[in-house]
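Work out the full structure, taking the sequences as your base and the hints as a guide.
Residue strings, one per chain:
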Amino acid sequence: MTAAAPLGKDLLGLEPLSGEQISLILDTAEPFKEISERAIKKVPTLRGSTVVNLFFENSTRTRISFEFAEKRLSADTVNVSSSGSSVSKGETLVDTARNLEAMRIDMVVIRHGSSGAAKFLAGRIESNVINAGDGMHEHPTQGLLDLLTLRDHFKRIEGLRVCICGDVLHSRVARSNIWGLRKLGAEVAVCGPRSLMPNAIDEMGVTVFSRIEEAIEWADALNILRLQLERMTAGYIPSLREYNRVFGVTRERLERAPRDVLILHPGPMNRGVEIDSDVADGPHSVILPQVTNGVAVRMAVLYLLSGGRPELAESAKAGKGGA
Amino acid sequence: MTEHTETILDASAVERTLRRMAGEIVEANGGTDNLVIVGIQRRGVQLADRIVALINASDGVAVPRGALDITLYRDDLQTIGPRPVVGSTELPGSIDGCNVVIVDDVLFTGRTIRAALDELADFGRPARIELAVLIDRGGRELPIQPDIVGKKVAARAGDRVDVQVHEIDGQSAVVLVSKRFE
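From first to last, the protein sequence lines are chains A and B.
One point on numbering: in the working numbering, the residue at position 133 of the first sequence is 1003, and numbering is uninterrupted.
One point on numbering: in the working numbering, the residue at position 112 of the second sequence is 311, and numbering is uninterrupted.
Rather than coming from a laboratory, the hints here were simulated on the basis of the structure.
For clarity, every value in this text was computed on a predicted model and none was experimentally measured.
A hint or two may mislead.
One side of the interface only, derived from the structure: several residues of chain A facing chain B at Cβ under 7 Å [said to hold, decoys possible]:
| # | residue |
| --- | --- |
| 1 | 898 |
| 2 | 901 |
| 3 | 910 |
| 4 | 915 |
| 5 | 963 |
| 6 | 1173 |
| 7 | 1174 |
| 8 | 1177 |
For each residue, glycine too, the CB sits at the ideal point set by N, CA and C.
Given below as structure tokens:
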């Protein structure tokens, strides 16, 4: 970790980061919140940088959030999705990226269905790579925005009890949250049907609750994952109604909690399945503040990964232009 | 090579200097109407606070005070890289039509002020902008000059001028640190 590259070249996940690096991103995100409240929502920081958003999976929130973050930092952005690009003609991931790089880009934000895709790409191109979700592995900026939202509310992360509820097995959000929360000293639990829990989940240092009532009694905050509906047809759960009856976070269940439990959800929500509308729109929900924080956190990540090219400094010193 | 440290202004001299600067700011603006004092993070903000307090003591008016962090407007991100701690920017309402006085601790190359002018332009269109600095150490790289100066210091290229403020450094002083060959 040097002053010029406090996070290194890429952001691939929260697992490889130290607690200090995660705290640095959260601290850096604070002043970026204010930029989105200005009349002119733009600073010139990344003027002249080109960022490619390479989305091989559908996404609304994450892609738009990244795009806002890039534009509010004055970067030029290009969006590439798998449909309607050469990817649908069978071009490989590396070829796509190398062709983009040949057009002189600076950063790639990648969402991909395969775990490890971001790391694979990062080792093969010179541009900074930001993981916007890779398969069932990590979604670091979602983990960071969840941490920022928790820190906003509780003024600390250390010692907090956070339970991640639902489909932990398929969730990259869950993994990024577990790594990030534990590195900052929170107690983490998971709760959901056994069929949607990864094997050896306890080796990640989390408590496992099999009843949602126990989780609600224990937790300061619940991060409720989206039940990916295709899991039902794959036989992981008997029915959506059954899931809601056993694991749904409802007002009745929260009213029995010994304290106010903060409600997070990474979206998109299935109202009436993993979360009831009363809860999603209730007084303890921070689901929309999460979305607001997402832009600030992504601006912080883009800023911390950018620049710091000593060769430019050398050429500037030699009087060949530069800054 | 050793570091040679020389106190240019002690606490009472800093206080006297700021009092004179506060007076000059009020005089130059014909009073305190439409006046906004904006400190540059860090240390410029604490100096701005002192100036606002001194104007309040002499004229009985609480002049609005803002803070500006110019990190995101720097011109050396691509070469030097991100500066880890970005401070907050907060302006007291609209600056349209106001007389804005930028307050900073040391004026050196002028690049910080260039960035501050760009940032202020993103918040509105002041009637005019003036620059007040506690120390002008020379060495400008841009055509920027201060309107109100606490003290001019002839510092050489490798020297450092450290302004210390109570809130951050525990004492109030201005120190010249120069490297000398023994």
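The hints, checked one at a time:
no.	hint	verdict
1	898	holds (6 Å)
2	901	holds (5 Å)
3	910	holds (5 Å)
4	915	holds (4 Å)
5	963	violated (27 Å)
6	1173	holds (5 Å)
7	1174	holds (5 Å)
8	1177	holds (4 Å)
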